[in-house]
Amino acid sequence: MSLGVHFALDKEQEKALLGAKSDRKLMALIEEIEEVWDEANLVETDKAWDGIHRCLTDGELLYDNGEYPLNHAVCGGRQLHRGNDNTVAYVTAKQTRKVAEALAAITKAGMRKRYATIDPDDYEFELCDEDFEYVWSNFLDLRRFYKSAAAAGRAVIFSTDC
86 MSLGVHFALD KEQEKALLGA KSDRKLMALI EEIEEVWDEA NLVETDKAWD
136 GIHRCLTDGE LLYDNGEYPL NHAVCGGRQL HRGNDNTVAY VTAKQTRKVA
186 EALAAITKAG MRKRYATIDP DDYEFELCDE DFEYVWSNFL DLRRFYKSAA
236 AAGRAVIFST DC
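If you count the sequence shown from 1, you need to add 85 to reach the numbering used here.
In case anyone wonders, no lab produced these hints; they're calculated from the structure. Don't be surprised by glycine CBs; every beta carbon is placed ideally from N, CA and C. Treat the hints with care, since some could be wrong.
Claimed, not checked - Computed list of lysine-lysine pairs in DSS-like fashion (alpha-carbon distance at most 25 Å, straight line):
no., residue 1, residue 2
1, Lys106, Lys179
2, Lys183, Lys106
3, Lys106, Lys193
To be verified - Distance windows between CB atoms, simulated:
no., residue 1, residue 2, range
4, Tyr148, Gly195, 18 to 28 Å
5, Ala189, Asp131, 20 to 30 Å
6, Thr192, Cys213, 12 to 22 Å
7, Leu212, Ser107, 11 to 21 Å
8, Thr192, Glu215, 14 to 24 Å
9, Lys106, Tyr219, 16 to 26 Å
10, Ala201, Lys96, 38 to 48 Å
11, Pro205, Glu120, 18 to 28 Å
12, Asp204, Lys106, 34 to 44 Å
My request is simple: use the sequences and hints to build the entire structure.
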């Protein structure tokens with residue numbers, strides 16, 4: 086399981102990523118964004134991104150599962166990477182606002198109910214209180230990140246290698 090990072094993009098970064106003509110060029114641009122490591126405009130969800138995505142969708146780890154806007158918080162949105170070795174999911178600034186609003190409405194009790202729908206046979210980690218707290222803690226960081234990105238009018242990408 087790879088680590089996941091969300092980046093709130095400035096207009097120049099967004100334009101460059103959307104204009105990348107190949108996966109190689111796209112990943113070079115991602116590396117440039119990572120090298121800057123602008124902590125005010127990123128959030129690391131470690132390995133919790135998997136559980137968060139499953140909780141916000143239908144319990145599965147697919148790009149297009151679940152319902153908008155929650156399914157865009159992690160793996161959903163426009164897939165910029167065409168190959169199978171990386172995920173780069175793009176969420177427009179307008180979508181970022183909708184995702185932030187949807188995330189704000191989720192309570193810990195509601196997240197726990199969603200967590201309980203994950204199939205343990207299809208999940209890399211043990212479904213337990215400790216894992217839920219790990220997922221919840223990272224979810225709170227992600228929710229703060231989306232709120233900040235939405236307030237700044239920024240698009241977001243989620244990046245991880247598969």
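Evaluated hints:
Pair hint Lys106 plus Lys179 holds up; C-alpha atoms about 24 Å apart against a cutoff of 25 Å. Restraint check for Lys183 and Lys106: not satisfied, since their Cα atoms lie roughly 28 Å apart, outside the 25 Å limit. Of the supplied pair hints, the one linking Lys106 and Lys193 is violated, its CA atoms being roughly 41 Å apart against a limit of 25 Å. Against the hinted window of 18 to 28 Å, the Cβ-Cβ separation of Tyr148 and Gly195 comes to about 23 Å, which satisfies the hint.
Taken as a hint, the range 20 to 30 Å holds for the pair Ala189 and Asp131, whose Cβ atoms sit roughly 22 Å apart. At roughly 20 Å, the beta carbons of Thr192 and Cys213 sit within the given window of 12 to 22 Å. A C-beta distance of roughly 39 Å is found between Leu212 and Ser107, which places it outside the suggested range of 11 to 21 Å. The supplied range of 14 to 24 Å is met by Thr192 and Glu215, whose beta-carbon atoms lie about 20 Å from each other.
Take Lys106 and Tyr219: their Cβ atoms lie about 38 Å apart, and the range 16 to 26 Å is violated. Range check, Ala201 to Lys96: Cβ separation about 41 Å, and the 38 to 48 Å hint holds. In this structure the supplied range 18 to 28 Å is violated for Pro205 paired with Glu120, their Cβ-Cβ distance being about 38 Å. At about 38 Å, the beta-carbon gap between Asp204 and Lys106 stays in the expected band of 34 to 44 Å.
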